[in-house]
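Protein chains in written order, with numbering that gives the first Met the number 0: chain A, 0 to 280; chain B, 0 to 235.
Bear in mind the hints are in silico, worked out from the structure with no lab data behind them.
For each residue, glycine too, the CB sits at the ideal point set by N, CA and C.
Take these hints with a grain of salt, some might be off.
What the hints assert, rightly or not - Keeping only pairs whose Cα atoms sit at most 30 Å apart, straight-line, the calculated DSSO-like set for lysine-lysine is:
1) B:K89 <-> A:K123
2) A:K130 <-> B:K234
3) A:K133 <-> A:K123
4) B:K234 <-> A:K133
5) A:K133 <-> B:K89
6) A:K103 <-> B:K89
7) B:K89 <-> B:K229
8) B:K89 <-> A:K167
9) A:K87 <-> B:K89
10) B:K89 <-> A:K204
11) B:K234 <-> A:K87
12) A:K87 <-> A:K123
13) B:K89 <-> A:K130
14) A:K104 <-> B:K89
15) A:K87 <-> B:K170
16) A:K204 <-> B:K234
17) A:K91 <-> B:K89
As the list claims (entries may be wrong) - Only some residues are given here: those of chain B computed to face chain A with a beta carbon under 7 Å:
18) A2
19) S5
20) Q9
21) R16
22) E88
23) K89
24) T90
25) Y93
26) I96
27) T97
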Amino acid sequence: MIQVSNLSFSYTRQPFISDMSFFVSSGEIFGFLGPSGAGKSTLQKVLIGMLTAYQGSAMVNGIECRHRTRRFYEDIGVDFEFSTMYEKLTAKENLQFFSSLYEKKTRPIDELLEMVGLEHDGDKRVADYSKGMKSRLNFIKALLHDPLLLCLDEPTSGLDPTNSRMMKNMILAERAKGKTILLTTHNMQDAAELCDRVAFIVNGKICALDSPHNLIMSKGAATVTYTWIDNGEHSASCPIDRLSDDEQLKRLIANNCLQSIHSSEPNLNDIFMDITGRTLL
Amino acid sequence: MRAIRSSFFQMLAYMRRDMMLFAACPAPILAGLFFRYAIPFLEAVLADYFHMPAIISPYYRLIDVLFVMITPTMFCFVSAMVSLEEADEKTAAYLFITPLGRTGYLSARLGLPAVIAFLVTVILLPVFKLTTFSSIAILLLAACGTLQGVIVALLVAALSSNRLEGMAITKLSMLTVFGAVIPFFVKDSIQYALCPLPSFWIGKAGSENTLLYMFPAFALSAIWICFLLKWYLRKM
Ligand SMILES: Nc1ncnc2c1ncn2[C@@H]1O[C@H](COP(=O)(O)OP(=O)(O)O)[C@@H](O)[C@H]1O
Ligand SMILES: [Mg+2]
Numbered sequence: 000m001i002q003v004s005n006l007s008f009s010y011t012r013q014p015f016i017s018d019m020s021f022f023v024s025s026g027e028i029f030g031f032l033g034p035s036g037a038g039k040s041t042l043q044k045v046l047i048g049m050l051t052a053y054q055g056s057a058m059v060n061g062i063e064c065r066h067r068t069r070r071f072y073e074d075i076g077v078d079f080e081f082s083t084m085y086e087k088l089t090a091k092e093n094l095q096f097f098s099s100l101y102e103k104k105t106r107p108i109d110e111l112l113e114m115v116g117l118e119h120d121g122d123k124r125v126a127d128y129s130k131g132m133k134s135r136l137n138f139i140k141a142l143l144h145d146p147l148l149l150c151l152d153e154p155t156s157g158l159d160p161t162n163s164r165m166m167k168n169m170i171l172a173e174r175a176k177g178k179t180i181l182l183t184t185h186n187m188q189d190a191a192e193l194c195d196r197v198a199f200i201v202n203g204k205i206c207a208l209d210s211p212h213n214l215i216m217s218k219g220a221a222t223v224t225y226t227w228i229d230n231g232e233h234s235a236s237c238p239i240d241r242l243s244d245d246e247q248l249k250r251l252i253a254n255n256c257l258q259s260i261h262s263s264e265p266n267l268n269d270i271f272m273d274i275t276g277r278t279l280l
Numbered sequence: 000m001r002a003i004r005s006s007f008f009q010m011l012a013y014m015r016r017d018m019m020l021f022a023a024c025p026a027p028i029l030a031g032l033f034f035r036y037a038i039p040f041l042e043a044v045l046a047d048y049f050h051m052p053a054i055i056s057p058y059y060r061l062i063d064v065l066f067v068m069i070t071p072t073m074f075c076f077v078s079a080m081v082s083l084e085e086a087d088e089k090t091a092a093y094l095f096i097t098p099l100g101r102t103g104y105l106s107a108r109l110g111l112p113a114v115i116a117f118l119v120t121v122i123l124l125p126v127f128k129l130t131t132f133s134s135i136a137i138l139l140l141a142a143c144g145t146l147q148g149v150i151v152a153l154l155v156a157a158l159s160s161n162r163l164e165g166m167a168i169t170k171l172s173m174l175t176v177f178g179a180v181i182p183f184f185v186k187d188s189i190q191y192a193l194c195p196l197p198s199f200w201i202g203k204a205g206s207e208n209t210l211l212y213m214f215p216a217f218a219l220s221a222i223w224i225c226f227l228l229k230w231y232l233r234k235m
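Just chain A, same shape as in the assembly:
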């Protein structure tokens, strides 16, 4: 679906996105994970043909992005990180207008509104919407023309847990229909839960690219941390696959001296720290 090779782009003279290469297969949820300012949105803008002054190649759906035509957009749905609605018009008027731009048949508006719980707010002006309502509305706008490729820029940011859950379910439902999804986020739980593969992006470069599972496994096994009292509190830890070698732990268990014991599985955040040397936020 997407084939990027030796892509470089910069807004200024300093190099920014440099020499990126990766591919995204059809039917995959592919995540760009990285701190803000890393270049995730910029990369996405290259892939949707908004920024055409790039070097290298970026093919989307068989079309080189800088040579995109109107056809190109019949199959791409974009949800920006900011609202892109006519504030003075109602939600329905907005969706009707954006629907009318496509040659292909679009999805029923009422159904989409209902899917994100906005069925009673369709006739309200977008200016009167809350931030969360606007994100949901912008999200369904990207689904209007049932595109093959969905580009979602921080779709869950600023949503409460219930709405965030609902949106994630909708993203998974789109994948189940065979759609390809590009997801930009700095939320590692979302990335771990949704993405088939993630690319860690820092300072315009891909530092790692694999499935969340493989990335987490690359760090090695979980560790077990335990504490006990012996002239004050002590604590020690040991990899979970080496527990039987830990004589001290065996002794503490035998004597029922443990104060606490817990295992901690590495998460994407730790891996991100390990690989890039910086945090996600």
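Based on these hints, arrange chain B with the ligands on the given structure of chain A.
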């Protein structure tokens, strides 16, 4: 085509909600009525009062030249204001990544209003004109006036970042229209200080009754439009 038509009607619907923009549309007809009927009446009253044979009538040609630019400037101003709002709300950026695209957007916001303004001018000028024109002159003047409107629209859209600034820039860019006045009043060669303005040459063509002066007007308009279009697209 479908997307362009749809987004053009969207602009009309959007305008209906905005009294100021809505009011700008019949302005050419009101101005035309005023020029055609009130001014000759005023001329008669003034001439009688001051016992002079002519006061305004030597400038009837100038009034016609200004009228040529009124419709395009008004229409293009309206669409410039709408696109400013679209830039503000980021809907323009979104439209660029739909089948409408950049070229479609420019056609709907600049091209179509300009074509309509041209047609309206070609119809209204013969109705409201105070002096006589050949049909060729009417077509050339309407075309050049339309380009002037496009220049005003691009100036507004490229130089301002919101509606309030847009209003201010509109007033400023209206000054470029008044380049047409100079050849009527300044006969000295100092008038050429304004020669970079296309409207100056339109005024010159009017004041000296020489259609040849329309050529620099067209050429300069093309240069202005290319330059401003680049500027505008870089901003989007
Ligand atoms: N239009 C622009 N012109 C110049 N610099 C920009 C522009 N948009 C973004 N940037 C810069 O590019 C960098 C990356 O931005 P972005 O891709 O939005 O990061 P992310 O989405 O990963 O948070 C930032 O430093 C930002 O200031
Ligand atoms: Mg971003």
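Going through the hints against the structure:
{"no.": "1", "hint": "B:K89 <-> A:K123", "verdict": "20 Å, holds"}
{"no.": "2", "hint": "A:K130 <-> B:K234", "verdict": "26 Å, holds"}
{"no.": "3", "hint": "A:K133 <-> A:K123", "verdict": "12 Å, holds"}
{"no.": "4", "hint": "B:K234 <-> A:K133", "verdict": "25 Å, holds"}
{"no.": "5", "hint": "A:K133 <-> B:K89", "verdict": "13 Å, holds"}
{"no.": "6", "hint": "A:K103 <-> B:K89", "verdict": "24 Å, holds"}
{"no.": "7", "hint": "B:K89 <-> B:K229", "verdict": "19 Å, holds"}
{"no.": "8", "hint": "B:K89 <-> A:K167", "verdict": "25 Å, holds"}
{"no.": "9", "hint": "A:K87 <-> B:K89", "verdict": "13 Å, holds"}
{"no.": "10", "hint": "B:K89 <-> A:K204", "verdict": "28 Å, holds"}
{"no.": "11", "hint": "B:K234 <-> A:K87", "verdict": "23 Å, holds"}
{"no.": "12", "hint": "A:K87 <-> A:K123", "verdict": "10 Å, holds"}
{"no.": "13", "hint": "B:K89 <-> A:K130", "verdict": "15 Å, holds"}
{"no.": "14", "hint": "A:K104 <-> B:K89", "verdict": "25 Å, holds"}
{"no.": "15", "hint": "A:K87 <-> B:K170", "verdict": "26 Å, holds"}
{"no.": "16", "hint": "A:K204 <-> B:K234", "verdict": "27 Å, holds"}
{"no.": "17", "hint": "A:K91 <-> B:K89", "verdict": "18 Å, holds"}
{"no.": "18", "hint": "A2", "verdict": "4 Å, holds"}
{"no.": "19", "hint": "S5", "verdict": "4 Å, holds"}
{"no.": "20", "hint": "Q9", "verdict": "5 Å, holds"}
{"no.": "21", "hint": "R16", "verdict": "6 Å, holds"}
{"no.": "22", "hint": "E88", "verdict": "6 Å, holds"}
{"no.": "23", "hint": "K89", "verdict": "4 Å, holds"}
{"no.": "24", "hint": "T90", "verdict": "5 Å, holds"}
{"no.": "25", "hint": "Y93", "verdict": "4 Å, holds"}
{"no.": "26", "hint": "I96", "verdict": "5 Å, holds"}
{"no.": "27", "hint": "T97", "verdict": "5 Å, holds"}
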